[in-house]
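4 protein chains.
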Amino acid sequence: MSMTCVPSVVDNWILTAQCPSQLGTVDVVTRYLREHNCYVTEHQSFDDQASQQFFIRVEFRPLGGELDISRFEEDFAPRAREFGMSFELTPPERLTPVVIMVSRADHCLNDLLYRYRTGQLPITIKAVISNHPDLAPLAEWHGLEYHHLPITAETKPEQEAAVWRIIEQSGAELVVLARYMQVLSSEMCERLSGRAINIHHSLLPGFKGAKPYHQAFEKGVKLVGATAHYINDDLDEGPIISQGVEPVSHADSPEDLVARGRDIECLTLARAVSLHVQRRVFLNGKRTVVFQR
Amino acid sequence: MSMTCVPSVVDNWILTAQCPSQLGTVDVVTRYLREHNCYVTEHQSFDDQASQQFFIRVEFRPLGGELDISRFEEDFAPRAREFGMSFELTPPERLTPVVIMVSRADHCLNDLLYRYRTGQLPITIKAVISNHPDLAPLAEWHGLEYHHLPITAETKPEQEAAVWRIIEQSGAELVVLARYMQVLSSEMCERLSGRAINIHHSLLPGFKGAKPYHQAFEKGVKLVGATAHYINDDLDEGPIISQGVEPVSHADSPEDLVARGRDIECLTLARAVSLHVQRRVFLNGKRTVVFQR
Amino acid sequence: MSMTCVPSVVDNWILTAQCPSQLGTVDVVTRYLREHNCYVTEHQSFDDQASQQFFIRVEFRPLGGELDISRFEEDFAPRAREFGMSFELTPPERLTPVVIMVSRADHCLNDLLYRYRTGQLPITIKAVISNHPDLAPLAEWHGLEYHHLPITAETKPEQEAAVWRIIEQSGAELVVLARYMQVLSSEMCERLSGRAINIHHSLLPGFKGAKPYHQAFEKGVKLVGATAHYINDDLDEGPIISQGVEPVSHADSPEDLVARGRDIECLTLARAVSLHVQRRVFLNGKRTVVFQR
Amino acid sequence: MSMTCVPSVVDNWILTAQCPSQLGTVDVVTRYLREHNCYVTEHQSFDDQASQQFFIRVEFRPLGGELDISRFEEDFAPRAREFGMSFELTPPERLTPVVIMVSRADHCLNDLLYRYRTGQLPITIKAVISNHPDLAPLAEWHGLEYHHLPITAETKPEQEAAVWRIIEQSGAELVVLARYMQVLSSEMCERLSGRAINIHHSLLPGFKGAKPYHQAFEKGVKLVGATAHYINDDLDEGPIISQGVEPVSHADSPEDLVARGRDIECLTLARAVSLHVQRRVFLNGKRTVVFQR
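Protein chains in written order, with full-length UniProt numbering: chain A, 1 to 293; chain B, 1 to 293; chain C, 1 to 293; chain D, 1 to 293.
Note that these hints are calculated values from the structure, not bench results. Computed from a prediction, not measured in an experiment: that's the story for all the values here. There's no promise every hint is true.
Given that identical chains are not distinguished, each listed pair holds provided it fits within a single copy or across any two copies.
Claimed, not checked - The calculated DMTMM-like cross-link candidates involving lysine to aspartate or glutamate, where the alpha carbons are at most 20 angstroms apart (straight line), are:
id, residue 1, residue 2
1, K126, D11
2, K286, D256
3, K126, E88
4, K286, D236
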C-alpha cells in the first residue's frame, strides 16, 4: 500500500466541511466557490450512509485578486448554517503549528524532524516535550525548544498541566505523540480530542498496550505493523488514520521485531501527520474519513 | 498497494465528464444535479495542470421519482456544450457488455470468469474469442460463446475482420485482452481506442515485448510485475490503468517467475477492468486519470 | 510482501528433520547425504534459541542410480536417533493427498481447484467435503468426489465421524479448511494436529471469531487481512503459516470489505498450502518455522 | 515485500563461501565446522543451475574457547582449494568500514547516518565524500570527516584519484553511493567492483539515466520505485541487490514523485547495505544471490 507521505506542499486554498447528510450539501459549497470566482483544482466528497454524515474537501485558487478570509467566512457562514455545516478555510502553504511529545525512542522524532527541516511537511514545530532528557541534543540541533518534564504517578497532574501550558502558549494546533510512552489522563485526551495523533507499534486492534512486538513474537505472526490514530480516553482505541505493515520471519527475535518496526512506525506516523495537516482527515464517530491523494 | 478489485456493485447513478480546464467546470455539474434533486453520494474531480483538462465523476441518487436518461441528457447537453464537455450517464447496476480475447494461457480468463459468475464484476460477457481451441471448455462451462479464430500472417486481415464483426454484433463496449498473444493491427487498435484493455506481464516500461519473465531473469531483478493498459498502435505503450508487483528470489527460474506472475497478472487485470466499468478511468493523452475508491 | 505461491514443482528429493538443539545437528544430515553421493541443491537450517529446537530442510539429487527410500531411512535412522531427530524423506514431484472442506463461500475452493487442475500445486485432491450442497457442481466439474455432510448441534459427533472416515479412507495427509464455517471438536483438532490448515479472514490475533470484516468496519481499520494457520483446539489460535493484507478505505462497507478480502484469502491460503506441501513449514510450539523460497 | 533492514547485529561468526557446482560442496564446509566444534545457528546454501555456481552462508558459535581466525583459515584453505572455493570468515559484531559518497540530495545520507549512530547498521563510517559542500554540516554533526571534492569534465581524473586515496587510506571495504550524481570512470568502477553500492531512483531496467521520476511522470506509471545495485562500468546495469516500490497517482506531479520516492530510496539502499555487510549478498555474474533473513 502507499506508505509515503502525500507530497506536502499545498499551494492552493483548502476548504473542508462536514454536516449531516441531506440534499444539496455539495452544491452549497461548489456554487459558493463559483460565485466567488474560485477555480477548483481538486474536489472530493463522501456521504457516509452508516453515520449519515457528509464530508467535503476542495482545493481552489481565487481568480482575480486576493481572497479575504474573514469576508469569505462571513459570506459563507449563513449558507453553511442552513446545513448545520461546520467548515474550515486553509490558506495556501499554511504551516500547521505542532508540538511533539516523545520519551526515549528517537526514531519517529528523528524522522519528523528530517521531514520538517527539509520542508517535506507543512508544519512549524513549536516545541518538543519529553519525560526524559535523552533527546534534547537532537531537538536542539534543529534549533527547537526542548522541555524536559519528568513524570511520576504523583506528579502526573502537575506534569500534564505544564504540558498543557506549553501547548496553549505555543498555539499548537496539533500534538504528535511520537512514541511518548505515557498514558494521558482522560481530561488531557478530551482537551486534545481530534488534534493529537499517536503512533502505536502494532496493527490495532491486535496487540494493544505494552510491548506489542513481544506479544507478536509470542503469537508467531508473519506480519508486524504500526497504527497512527487520534487519541481518546480509551487507550489504543482512538480513530485510526493510517496503518502500515511489514513481513517478519521465524528468525526474528522480539528485539529484531522492534528494529524492523521502526521504519514502519516512522512512515505510518509521518503519513498520518501529512494527511492531517493537509486537511485530508475527518473524524466520523469512532472512525475517520481520509481523502487520499 | 491495493491489489483487489474495487468492490463492484455500484447501486447509484454515475455521471462522468471531461472538458478543457476553465472556471466553473465543477459547478456546472453539481448545480445541475442539485436543480434536479439528485442526491450526491460520492464526488471526485481533478483539474490536470499539465494537460489543462478537467475530469469529474459523481455518484448520485435521484430523489422523488425515476430519472429519465434522455431528458437528463437533453437538459444537460446545452450547459455541457458551453464548456466543451463530453459526458456519460451510467444507470445503477449497469452491466457493461464485454468480449474477452485469449490465446492459450488460461489464468486471466479463469479469474475473470470466476468474478463474472459470482457477480463481483458488473459486466456481461458476450463472447470469448481465441486464436486457439484450448480454452473452449472453460468458456462453455460458463455458458459462453467461444469463437476459435486461428490466425497466420496471411489470414490476419480476415481474422481481425471476423473478430471485429463479433465485437460489433455483440454490442461489446469493452474488449479485454486476457493474455491474447497477438499484436493487433493499427486499424484494429484505432477502432478499439479507449475501450480495449491489455495485460502485459511486466512492469512497463521495463521488459516490453516477448518473454518478459525471461528478460527479468536475465536482468536479475528482485521484483516482477504486471501492467494493465489501454491498447494503442504503439506496442505495450498504451495508457496505463493499473500495475502490480511481486518480490522474487535468486532461486526463481524463468519458469518460476512465470508461475509467480500469474497471480499478479490476474489481480492487475481484474482491477483495471473493475475500475474501467465503474467509470473510474479517464484517458488523459498518453496517461490516465483514475479515481480510486 | 510475497503473496504468491512458491512455484510448486519440486523436482528434487526433500529431506526435512527436526530435533532438540545440540552440536552437530547440521553435520549429521549433510555428512550422510555426502556419503551417499547426494547432490545438495538447496539447504536451509535454523536453530531456535527460544525453543531450543533445530530445523533443517535439504533438497538434493542422488548421483548415480536411484535412491532406495527404505534403505535410506534404515541407514539414517540410527544416526537420527542419537540426536532425537525426527525426519521425513519426500520424493521428487510427490503429490500430497488432500481433502478440502468448505461451506458455502466458493472463492478459496475455486482458487485451489484452479491451481490444482493447472498443476500449480503439487497435490492430489481426494475429496471435497461440505456441510452444504452448494459447491457440488464446482467440485464435479473438476471430476472430484463431493460429500455433502450436513451438521447440527445434535449430529455433530456423527458428522465428524463421517468426515474422519473419508479423510482416513482417502489417505489424505493434509486437510484444507477453505472457509469451512464450523468449529471442529477438540478431538477432531487433535487428530488433525499439524496437518489441517484453516484460513481465517482477518489478521490474527485481530478480529477472531465471527464476522471479522464487520468487526473491522466498526473499528475503522485501514487494512484488512487474512491468516492461514494450523488448527488446534483453541479457536483461531493455531500456529500461523502465512498472512496477507490489503488496504481499505472509509468508503468500503462491510460487504465491500468482504469482497476485497476474497482475493487476499485465496492468496494467503494457497501460499500456506504450497509452503506446507513443499515441506517448508515446521511446527515450533505455538509458532512455525517457514523456510521461504 | 519486506522493506526494512534485516536486523543488523550479527553476534555469531559468519562463514561465506562460493565455488563451482560439484558434489560435496556443502559437506566440506559443515564437516569442517563440526570437527572444530562450531555450533551452527543458521545455514543457507544454494546451487545455481544456470551459472553452475554454489553459494553458502553459515552463522556459528565456536564451543569451548575462542576461535583463532588465522588458524581457521589455514586449516580450511586446503579443503577449500580442492573445490576451487573462495571463502570469507567474519567475526561477531564486525563493523564494516564504509565510505559514503553524496552530491546535494541528503535523504539517503541522513537515513544511513541515523541508522549508523543508533547502531542499526553494523558499519563504521570512515568518511563522507561529496562533489558539493552542502552536506558538510550533517556529516559533521555526526562527527564524520567530510571531503568536498568538486568535479568537472577536466578535473575528473584528479578528483577520482583523490576519492580513491581516501577510500584506500580509510581502509573502507564498502563504498555507498547515496545519491552521488556523477558517473564513475570505468577504471573506478573496476576498482570498486563488488564493493560499491549505488541507489538508482527507478525500478531498473525502467527509466535508466537522468530524471527517472520525470520519465515516470511522462509515461504515466502507477508505481515508482528504487533499485540498489553494485556498480559496474555499464551505467545503471550493475547486479541488483534490492528493489522497492510505491504506488503513485495521476495527481502526482514530477516533483511529487521525487518527494514520494525519497522514502523508498532510503529503505531500499539501507536494506542493500544491511544485506551486504551481513554477508548475505553474493555476486553471480550479472545477478546476485541474496540469502534473505
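Structure-based check of each hint:
no. : hint          : result
1   : K126 <-> D11  : neither (22 angstroms within a copy, 42 angstroms between copies)
2   : K286 <-> D256 : between (33 angstroms within a copy, 19 angstroms between copies)
3   : K126 <-> E88  : neither (22 angstroms within a copy, 50 angstroms between copies)
4   : K286 <-> D236 : within (12 angstroms within a copy, 26 angstroms between copies)
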